[in-house]
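Asks: If you want the building blocks of each chain, they are given just below.
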Amino acid sequence: MAADASAQRVAALAAGLLIVFLALALLSGWFSDYALELGGRVLLLMTLAEAWNLLAGYGGLVSLGTASFVGVGAYVLVGVMNRGAGLPLACLAAGLAAAALALLVSRAVFRLRGLYFTVGTLALSEALRLFMINFQPLGGATGLFLSPDVPGLRGLFLLALGLFAAATILMELATRSRFSILLRAVRDDEDAAAQIGVRPFRIKLLAFVFASVLMGLGGALQGLKLGAVEPYGMFGLQWTVNVLAIVIIGGQGLRLAALLGSVFVVTLGELLASYPALHLAITGLILIIVIRFAPQGLAGLTIRLARRLRRSTRA
Amino acid sequence: MDLQTVTDSLVSGVLLGGILALTALGLSIALGVMRLVNLAHGEILVGGAYLGLYLLRWTGLDPVLGLLLIGVLMAVLVYPLHGLLLAPLSGQGLEAPMMTMFGVSIILQNAFLLFFSADTRSIDRPYAATPVHIGSITVPQIYLIGFVISVIVIVLVHLLIARTRFGRELRASAADPGAAAANGVDVRRVHALTFALGAACAAMGGTLIGIAFSFSPTSGASYLLTGFAIVVLGGLGNIFATLVAGVALGLLQSLGGVVFGDGYRELAGLVLFLVVLAIRPQGLLSGRGS
Chain F
530 MAADASAQRV AALAAGLLIV FLALALLSGW FSDYALELGG RVLLLMTLAE
580 AWNLLAGYGG LVSLGTASFV GVGAYVLVGV MNRGAGLPLA CLAAGLAAAA
630 LALLVSRAVF RLRGLYFTVG TLALSEALRL FMINFQPLGG ATGLFLSPDV
680 PGLRGLFLLA LGLFAAATIL MELATRSRFS ILLRAVRDDE DAAAQIGVRP
730 FRIKLLAFVF ASVLMGLGGA LQGLKLGAVE PYGMFGLQWT VNVLAIVIIG
780 GQGLRLAALL GSVFVVTLGE LLASYPALHL AITGLILIIV IRFAPQGLAG
830 LTIRLARRLR RSTRA
Chain W
21 MDLQTVTDSL VSGVLLGGIL ALTALGLSIA LGVMRLVNLA HGEILVGGAY
71 LGLYLLRWTG LDPVLGLLLI GVLMAVLVYP LHGLLLAPLS GQGLEAPMMT
121 MFGVSIILQN AFLLFFSADT RSIDRPYAAT PVHIGSITVP QIYLIGFVIS
171 VIVIVLVHLL IARTRFGREL RASAADPGAA AANGVDVRRV HALTFALGAA
221 CAAMGGTLIG IAFSFSPTSG ASYLLTGFAI VVLGGLGNIF ATLVAGVALG
271 LLQSLGGVVF GDGYRELAGL VLFLVVLAIR PQGLLSGRGS
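If you read the sequences in order, they're chains F and W.
Just so we're on the same page, our numbering is the position in the first sequence counted from 1, plus 529.
Just so we're on the same page, our numbering is the position in the second sequence counted from 1, plus 20.
Think of the hints as simulated: they come from the structure by calculation, not from any bench.
Cβ coordinates follow ideal geometry from the N, Cα and C atoms, glycine included.
Fair warning: there could be bad hints in the mix.
Examples of chain W residues toward chain F, derived with CB under 7 Å [stated by the list, open to error]:
id : residue
1  : Glu115
2  : Phe248
3  : Leu297
Restraint-style ranges between C-beta atoms, simulated for each label pair [claimed, not checked]:
id : chain 1 : residue 1 : chain 2 : residue 2 : range
4  : F       : Ala564    : W       : Arg209    : 50 to 56 Å
5  : F       : Gly669    : W       : Val168    : 45 to 51 Å
6  : F       : Arg833    : W       : Asp82     : 52 to 58 Å
7  : F       : Asp717    : W       : Phe280    : 39 to 45 Å
8  : F       : Thr671    : W       : Ala149    : 45 to 51 Å
9  : W       : Gly113    : F       : Leu735    : 22 to 28 Å
10 : F       : Thr704    : W       : Leu179    : 43 to 49 Å
11 : F       : Ala802    : W       : Asp82     : 25 to 31 Å
12 : W       : Leu23     : F       : Ala802    : 32 to 38 Å
To give an idea of the interface, some chain W residues facing chain F are shown, with a C-beta separation under 7 Å as derived from the structure [what the hints assert, rightly or not]:
id : residue
13 : Val92
14 : Ser110
15 : Ala116
16 : Ile126
The task is simple: from the sequences and hints, build the whole structure.
Replies: What follows is the structure in structure tokens.
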């Protein structure tokens, strides 16, 4: 009985999400350019935040290397499209490239536990950035330009929506499956999990590759939107910082936390668009305040508020 | 590329490594005693450079002569941050303090940008560029001066930790905070002082780097990673291992620059870092196994 009820719930949730996505897609024809641009940005960041949360929240792998995969995805997309391939193939290539990078470094980074893993991923993303700045065949500091035409704002919005929709649905499946239980077991006590038959490396690798592919696709979209890629923008720390800000401010969790965090970060960015240094400084300040006073983030606050309201209406 | 230039380069790397070791010492102490991954380390280092710059500009005091003062200044500036930001997080695991310091690093970077502009600066001193000749080897004077000073400070810190009461409390807090507290050690105060000491080391190293090279609001990030590379190479808990690791990294950076070109210097260091992390995360020189 319980299995039926939960299967029903999943189906209802899936249907609900699909309806929301289709509605957004249809309505986007009437959105202003500004709304499309902002919406696209929020959706892209939400995708990255969900991917990061899968790694950190469910997997206990706090990564400061988001920029590595975003950058790889972007560069591969531009490179592949410049050789004449269409968008779908380019996206596939970008995703595969990100997965390949994840596989390549997995053996090294998974030997590291906790803090060492975090610092290791930071080193990886910095190393890639430095490498790309100096490596002339891939454009060096100037980067690469996209030869084919870039789709319009609505097209980009729909792509971002599609990516987010796919990510959300896959996340839903993942978090309701046995995989998520295994992942959390590894997070909570890797050695104990190994002793009861879980294979930590494989589980971590799956989560890592999954998250990396999403980040790579996000980067590919960004590269497509900008029509050009260069190391400071695509491998720069701002990707890591923004995702971190979203997750800390939004709270750890999927969807609601990612949504609140992304909307907050994008809004703050827009409000302080003319003062980039001030914007970042305030982001840092908010990070510190949230960690100190609201560790569950905006999502946590919202849930607490909702509970309090429910209790007061019941009483 | 003749042998002379290569040798000069490698020796410069060794000397520079000593300065880097001083900055890494700050990181190592914080990590070892407080389990704090101080992601604002690079910005504290750059802050030290700015302190040296403005000390020179406003008082005419040579930053090398005033190095201890700069260290103390930074320690004083940083000490209240521990009580304000880090102490309240003490029960919450390792990520919260790390992310808090990440926030601090972002704030500092942009504060530097706002107050000092994005211009690349350098502390202009006559001994920064003038060469000194040791036998047939030629290096800028500041490298040699910086190396000597760094080693002296490192030895002083070692003596502080090994011979004084504060040092005993520090070691006790690092080994077992609960037992230390039970024995009357004010662990929270020790942590705050450790944090300040770490910042002082970073700032002093930063001033030396500011004389030897240039710096800007965003140069901190690469020194953060170099610092971590040295900490991982040398392992935690052994101050002289940190010095050796610093020298090794400096040497490797120079090697990378000589073989691949100047832009690849830091990359060489980072790649080595990743390799060591992969093979032996507890450090090449530490005695403990994983």
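Asks: Would you mind marking each hint as holding or not holding in the structure?
Replies: Here is what the structure says about each hint:
{"no.": "1", "hint": "Glu115", "in the structure": "holds, 6 Å"}
{"no.": "2", "hint": "Phe248", "in the structure": "holds, 5 Å"}
{"no.": "3", "hint": "Leu297", "in the structure": "holds, 5 Å"}
{"no.": "4", "hint": "F:Ala564 x W:Arg209: 50 to 56 Å", "in the structure": "holds, 54 Å"}
{"no.": "5", "hint": "F:Gly669 x W:Val168: 45 to 51 Å", "in the structure": "violated, 38 Å"}
{"no.": "6", "hint": "F:Arg833 x W:Asp82: 52 to 58 Å", "in the structure": "holds, 56 Å"}
{"no.": "7", "hint": "F:Asp717 x W:Phe280: 39 to 45 Å", "in the structure": "holds, 43 Å"}
{"no.": "8", "hint": "F:Thr671 x W:Ala149: 45 to 51 Å", "in the structure": "violated, 31 Å"}
{"no.": "9", "hint": "W:Gly113 x F:Leu735: 22 to 28 Å", "in the structure": "holds, 25 Å"}
{"no.": "10", "hint": "F:Thr704 x W:Leu179: 43 to 49 Å", "in the structure": "violated, 54 Å"}
{"no.": "11", "hint": "F:Ala802 x W:Asp82: 25 to 31 Å", "in the structure": "violated, 43 Å"}
{"no.": "12", "hint": "W:Leu23 x F:Ala802: 32 to 38 Å", "in the structure": "violated, 54 Å"}
{"no.": "13", "hint": "Val92", "in the structure": "violated, 25 Å"}
{"no.": "14", "hint": "Ser110", "in the structure": "violated, 12 Å"}
{"no.": "15", "hint": "Ala116", "in the structure": "holds, 5 Å"}
{"no.": "16", "hint": "Ile126", "in the structure": "holds, 3 Å"}
Checked against the numbered hints given earlier, the structure breaks hints 5, 8, 10, 11, 12, 13 and 14 and satisfies all the rest.
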